[in-house]
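Enquirer: Sequence:
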Amino acid sequence: MDLNNTSLHFDSSTDEVLLYEEDSNFALADDRYVDEHFTGEYVESEFHERNTILVDGGENFGVSSIAFDSFEELLWMGNQGGHVTSYYGPDLQKYTSFQVHATEEIRCIYSTEGGILCLSPSVLRYQMRRGLPIFTHSSENMVQMQCLIQRKHAPDSILIGGHTSEIIEFNLAEGREIQTIKVGKGGCAIMREQGRFLCCGEPSGSVRLRDPRTLKVEHELETHNGSLSDFDVHGNLLVSCGFSNRQGSLAVDNLLLVYDLRMLRSVAPISVLLDPLLLRFMPSFSSRLAIASPTGTLQFVETVTLSEPDMTVYQVNFGAGSILTSLDVSSSSQAVGMGDTGGSLHLMASSHNPIYNAFSRQTEFPDPIEPYSSIDINDTLAIYSSIPLPVTSGPLLSDWPEEFIKVAYRRTPPIDPEILRTMKMQGTVGYAPNPNTKRRNQVAESYLDDKNGLSGGYNRRDGNRDEGGFLAIPKRYRKPDMKYSKIGALDECDLDQFNKTAFSGLEATLPNSYCNAMIQILYFTDYLREVIFAHSCADEFCVCCELNFLFHMLKSGSPCHSGNLLRALRSAKEASALRLILSDASAQEANFLLLIQVISCI
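In the UniProt record's numbering, the protein residues as written are 1 to 602.
There's no promise every hint is true.
[As the list claims (entries may be wrong)] Computed cross-link-like contacts, BS3-like style, restricted to lysine-lysine with a CA-CA straight-line distance of at most 27 angstroms:
no.	residue 1	residue 2
1	216	182
2	475	438
3	94	152
4	475	500
5	479	500
6	555	500
7	438	479
8	152	182
9	424	438
10	185	216
11	424	479
[To be verified] Simulated DEER-style distance windows between Cβ atoms:
no.	residue 1	residue 2	range
12	103	139	13 to 23 angstroms
13	251	155	22 to 32 angstroms
14	526	133	47 to 57 angstroms
15	593	441	32 to 42 angstroms
16	222	182	16 to 26 angstroms
17	133	432	51 to 61 angstroms
18	321	251	13 to 23 angstroms
19	597	133	52 to 62 angstroms
20	441	502	32 to 42 angstroms
If you are wondering where the hints come from, they were derived from the structure by calculation, not from laboratory data. Cβ coordinates follow ideal geometry from the N, Cα and C atoms, glycine included.
Go ahead and model the full structure; you've got the sequences and the hints to work with.
Expert: Shown next, in the form of structure tokens:
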């Protein structure tokens, strides 16, 4: 066969696929698009890297512990410098931040309904989510602590374990240690609670199953012969990862050991595509695990055998030289958090807006700061008190000297000698008749020494004492004595000496003068005053016209009376029906409080 002039083809059902062609003059007879039926359809990955941030202090310290809040949409982070920060929502918005220890790293974070428990090697801090500390505990038993867990049958009690021979039982309500439980030289580095057992993992590789009430050892599982890296419990399964001792050195086990806690024996191990360092069960799934390697590789596996196992591997964007230090999964299984030694916090999510819990509480945020409107520096009528002064710890220019701000208590006024003279003692209580030297509904002057010729705080020029020994009303506040003629007009009395302001007053000589206060209110209502000024009609008894005339008189600033207005108001049917018009005879028996309320309504 001449291969120079011949093309090789093979029949693939209905389409012809060109295998080899060397002739440059060759042209396809039918240049149609050919579907590649032999390739599978591309499936979008289940999880994606939703957010990555540099945590507080991340430029100096790496992340040592993370935990999703079980009650609110918060992700908590503790670093190697003893600092704890919380982040809200999938955008990792900074919520609170506080220091737990000056030098020690944060090894465990646990969320309770009342707050957050933060554990360092020697200190336990109970903190409110808003950042306020509740208490800080340390003792001789708190040495190289590593983990803690809340007991299900006693919510106020927690267990604290570490690289020591004892587990500490601590009461949150009382803030004290209740007891210590011996666990041996291996200590307890990891604690997980299941319905039947409290699982305590030792660094040597064994997991002891204890009774959750008595804390006695019921069974022991030998997992890895080198060292235990991590384990988790869900339902009746316990899955662990760790290191094996091979030829005198530790090597990572690529198999996850699985134990059935009902039969207390191991089942078929799980093979993974990475070197497992940390693992967590997905709470919303019955048999799914999230496994992470030291380099940030993430894989999800099933504990049951599937016909088509998921072999998807996710690579988180770790920095150069960064190593995974912490891993946690939210209770909804929609978010996975990872922290590394480079000070970065990574959030993997199954959707763009994942939720951490199925029924989270509302997170309490500070009240937003209200913006203040700008004030023109040339505005002479600006109200500067509308903008409060900032809180400052330094002295202010308006501060008074210390000699003027001493606390001075009010002296007890002396008892009337007449009361002491007529008083009769009944045991420790004295009784005396009222000498009637004080007027009703009046407060007596305060008792002060006559050092500067003053008594009671008033100047003698402004008032005189009456016969009862009380100081008269100061002249400024006395009712002026004005002389009226028989027809009710002022008899050559200069009212300007009583009114020092630019505002005009209404005379109160008529029986219907109770309306004067309402007339003043109507006059100082800008919109209504402009409407009245623009009114003009030919009616003889028009209330608006009379208000117009009266407002013009008030505008001049001279004293005036509202007689014409009341005459026009007397002709109104509504005023007569409501009995608002008073005569000289009925003015003394009228209920002015009720009349003022009625005229305000109309």
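Enquirer: Hint by hint, say whether it matches the structure.
Expert: Hint-by-hint comparison with the structure:
1. 216 - 182: Judged against 27 angstroms, a Cα distance of about 10 angstroms means the pair holds.
2. 475 - 438: Holds, at about 21 angstroms.
3. 94 - 152: Measuring from Cα to Cα gives roughly 31 angstroms; hence the hint is violated.
4. 475 - 500: holds (14 angstroms)
5. 479 - 500: holds (15 angstroms)
6. 555 - 500: Measuring from Cα to Cα gives roughly 16 angstroms; hence the hint holds.
7. 438 - 479: Holds, at roughly 22 angstroms.
8. 152 - 182: Since the Cα atoms of residue 152 and residue 182 sit roughly 21 angstroms apart, the hinted pair holds (cutoff 27 angstroms).
9. 424 - 438: holds (21 angstroms)
10. 185 - 216: holds (16 angstroms)
11. 424 - 479: violated (42 angstroms)
12. 103 - 139: 13 to 23 angstroms: holds (18 angstroms)
13. 251 - 155: 22 to 32 angstroms: violated (42 angstroms)
14. 526 - 133: 47 to 57 angstroms: Roughly 56 angstroms apart at Cβ, these two residues keep to the hinted range, so it holds.
15. 593 - 441: 32 to 42 angstroms: violated (18 angstroms)
16. 222 - 182: 16 to 26 angstroms: holds (20 angstroms)
17. 133 - 432: 51 to 61 angstroms: holds (58 angstroms)
18. 321 - 251: 13 to 23 angstroms: holds (22 angstroms)
19. 597 - 133: 52 to 62 angstroms: holds (56 angstroms)
20. 441 - 502: 32 to 42 angstroms: At roughly 34 angstroms between Cβ atoms, residue 502 and residue 441 fall inside 32 to 42 angstroms, so the hint holds.
Checked against the numbered hints given earlier, this structure breaks hints 3, 11, 13, 15; the rest are met.
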